[in-house]
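Participant: The hints should help you fit chain B onto chain A, whose structure is shown.
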Amino acid sequence: MDKVYYLDNNATTKTDPEVVSAMMPYFSENYFNPSGVYSAAQEARKDVENARSAAAKFLNADPKEIIFTSGGTESDNMAIKGTAYANTDKGKHIITTKIEHHAIINTCKYLEKHGWEVTYLGVDKFGIVDIEELKRSIRKDTVLISVMYANNEIGTIQPIEEIGKIARENSVYFHTDAVQAAGKVLLDVKKLNVDMMSISGHKFHGPKGVGIFYLKKGVRIHSLTQGGHHEFNRRAGTENVPGIIGLAKACEIASAHLTDSADMARIKAMRDRLEKGIIERIPEVIVNGHPEKRMDNTSNVSIKYIEGEGMLIHMDFEGICASSGSACTSGSLDPSHVLLAIGLDHGTAHGSIRFSLSKYTTDEDVNKVLEVLPPAVVKLRSMSPFWKEKNK
Amino acid sequence: MKYSEKVMERFKNTKNMGRIENADGIGKVGNAKCGDVMWIYIKVENNIITECKFETFGCVAAIATSSLATDLVMGKTPEEALEITNKRIVEMLDGLPPEKLHCSVLAEDGIKRAIEDYHRRKQGLSPLPEKEEDEHEHAHDHDEEK
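Read top to bottom, the protein sequences are chains A and B.
Heads up: the first sequence at position 60 corresponds to 63 in the working numbering, and the numbers run straight through without jumps.
Heads up: the second sequence at position 33 corresponds to 35 in the working numbering, and the numbers run straight through without jumps.
This is chain A alone, in the form it adopts within the complex:
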């Protein structure tokens, strides 16, 4: 493979080689089913439970509150549908936001087709949820509030602790999709007042296909799958042992990374240099997301008067991996629902691109973007009717 300049870490991350090493013995040597009675299986059980403790420590939870899943989407489905099905005696109303990941939005839409009512809260131009609207939206029959911790597209971080407090005061369950936040900010389920949380391994240098569903003790949910007694009867199916071991390792590494301020500052400095460099070199650029309450690794910019896919492909010619909120990269014709929710017009939303960094990002990656993107923009603008009209 030719050299790649990887700036799409909100899509997925490189698996840490230490994670891979930790997983390797669990494929062909310690391959035993943890449910077995023989000692080899019991060893596997012990290792899975140690991994559960590591995951619990990562979130400041109790190990019994950790359910291993296949990833963020499954965890989100468990939170939304699991809570909805188990609490119909209280009501059938759910509150979420307009900027959630589709794992939440489409699960809510599914429930709407089956008799539930869903309120989708708006956000301000930075992507922060309207707290007053949230308070007004809570009803007697509201069973769940689900607000994402950090947005995958623009990086905006929500006031989760405050929302959690409001949910508690109103005796409504509170779930947060923390898939993008994990590994980028310290997570403490107790401090955050959350009842449920979704985590995905591959977003913070863990393996794909494994995630965490944090379920606070006492919260009533239904299981989505029926089967064996795995994961405290919450999630049937033989444990993904290598994945769980790898995920636990990723949690340990992430904890060390998050408490290393130099490491964190390095990522933020590179992100800021990239963003500043783009603004200096390209006119008519808008930075999306909150100026401060934003993940340090994410930069989303709208480059006006052109469409995102052309920029991505020009960068791809040079090995740069990034993503776009443009419709054309998604198989649909609408641009990103997040960018529309923060108030961008369709044209501007179509011209947005996202760069997301990680601990593996280098200055060379940033330099490459600053070298390749500006001429690509000049070329695309030279054939854009809107750019010509503007400069008439």
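FYI, nobody ran anything at the bench for these hints, they're computed from the structure.
It should be emphasised that the depicted structure is a prediction, and the values quoted were computed from it without experimental measurement.
One or more hints might be untrue.
[Stated by the list, open to error] Computed list of lysine-lysine pairs in BS3-like fashion (alpha-carbon distance at most 30 Å, straight line):
#1 Lys14(B) x Lys391(A)
#2 Lys89(B) x Lys382(A)
#3 Lys84(A) x Lys168(A)
#4 Lys133(B) x Lys211(A)
#5 Lys128(A) x Lys93(A)
#6 Lys133(B) x Lys393(A)
#7 Lys114(B) x Lys133(B)
#8 Lys124(B) x Lys391(A)
#9 Lys35(B) x Lys114(B)
#10 Lys17(B) x Lys395(A)
#11 Lys220(A) x Lys112(A)
#12 Lys17(A) x Lys4(B)
#13 Lys382(A) x Lys133(B)
#14 Lys14(B) x Lys382(A)
#15 Lys17(B) x Lys35(B)
#16 Lys35(B) x Lys393(A)
Facilitator: Quick look at chain B alone, frame taken from chain A:
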């Protein structure tokens, strides 16, 4: 989604981009809401299209199809140019991903509209206004990473 080499080549080395000042016909089609706007310019001398250029706000497929369409038109009479179909454009690009086929329809529409505009101007009528493409009935689902 994967583009053919021909689409990529067209996109990389884009021909005929830009504006013709004092064009004899202009076809403005598309809808910024859906992410594709195409303006096709033609110059006609002795009933032959001698020059054709485009300006496009849109994706790789929109840019590649506009560029190819402008190439196909040049040297033809307006009547011959009307026979260019989106099917032909797609074939010459070795196909387009299904969700991108509407871009080729836009290119065909752009040419037709530029020629219609040329005929109107010749008859001393006012130029054609911009044609807004209808809202599509495509699936509006994003494929997200999770």
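Participant: Taking only the CA atoms, is the gap from Lys17(B) to Lys35(B) under or equal to 30 Å?
Facilitator: holds (26 Å)
Participant: Has the given pair, Lys14(B) with Lys382(A), been kept, meaning a C-alpha gap of at most 30 Å?
Facilitator: holds (10 Å)
Participant: Would the hint linking Lys128(A) and Lys93(A) be met if the CA-CA limit is 30 Å?
Facilitator: Cα-Cα ~34 Å, so violated.
Participant: Starting from Lys35(B), check that the Cα of Lys393(A) is at most 30 Å away, please.
Facilitator: holds (18 Å)
Participant: Can the restraint linking Lys17(B) and Lys395(A) be considered satisfied, given a maximum Cα separation of 30 Å?
Facilitator: holds (23 Å)
Participant: Can you confirm whether the C-alpha distance between Lys17(A) and Lys4(B) stays at or below 30 Å?
Facilitator: holds (23 Å)
Participant: So if I understand the rule, the pair passes when the alpha-carbon distance is 30 Å or less; does Lys133(B) with Lys393(A) pass?
Facilitator: Satisfied, since the Cα-Cα distance of roughly 20 Å is no more than 30 Å.
Participant: Quick one, are Lys114(B) and Lys133(B) close enough, alpha carbons at most 30 Å?
Facilitator: holds (12 Å)
Participant: Verify the proposed pairing of Lys124(B) with Lys391(A), using a straight-line Cα cut of 30 Å.
Facilitator: Holds. Lys124(B) to Lys391(A) sits at ~26 Å (cutoff 30 Å).
Participant: Is Lys382(A) within 30 Å of Lys133(B), Cα to Cα?
Facilitator: Between Lys382(A) and Lys133(B) the Cα gap is close to 25 Å, so the pair holds against 30 Å.
Participant: Take the C-alpha atoms of Lys220(A) and Lys112(A), compute the straight-line distance between them, and say whether it is at most 30 Å.
Facilitator: holds (28 Å)
Participant: Within 30 Å, alpha carbon to alpha carbon, are Lys35(B) and Lys114(B)?
Facilitator: Roughly 22 Å separates the two Cα atoms, so the pair holds.
Comparing the model with each earlier hint shows violations of hints 4 and 5; every other hint is respected.
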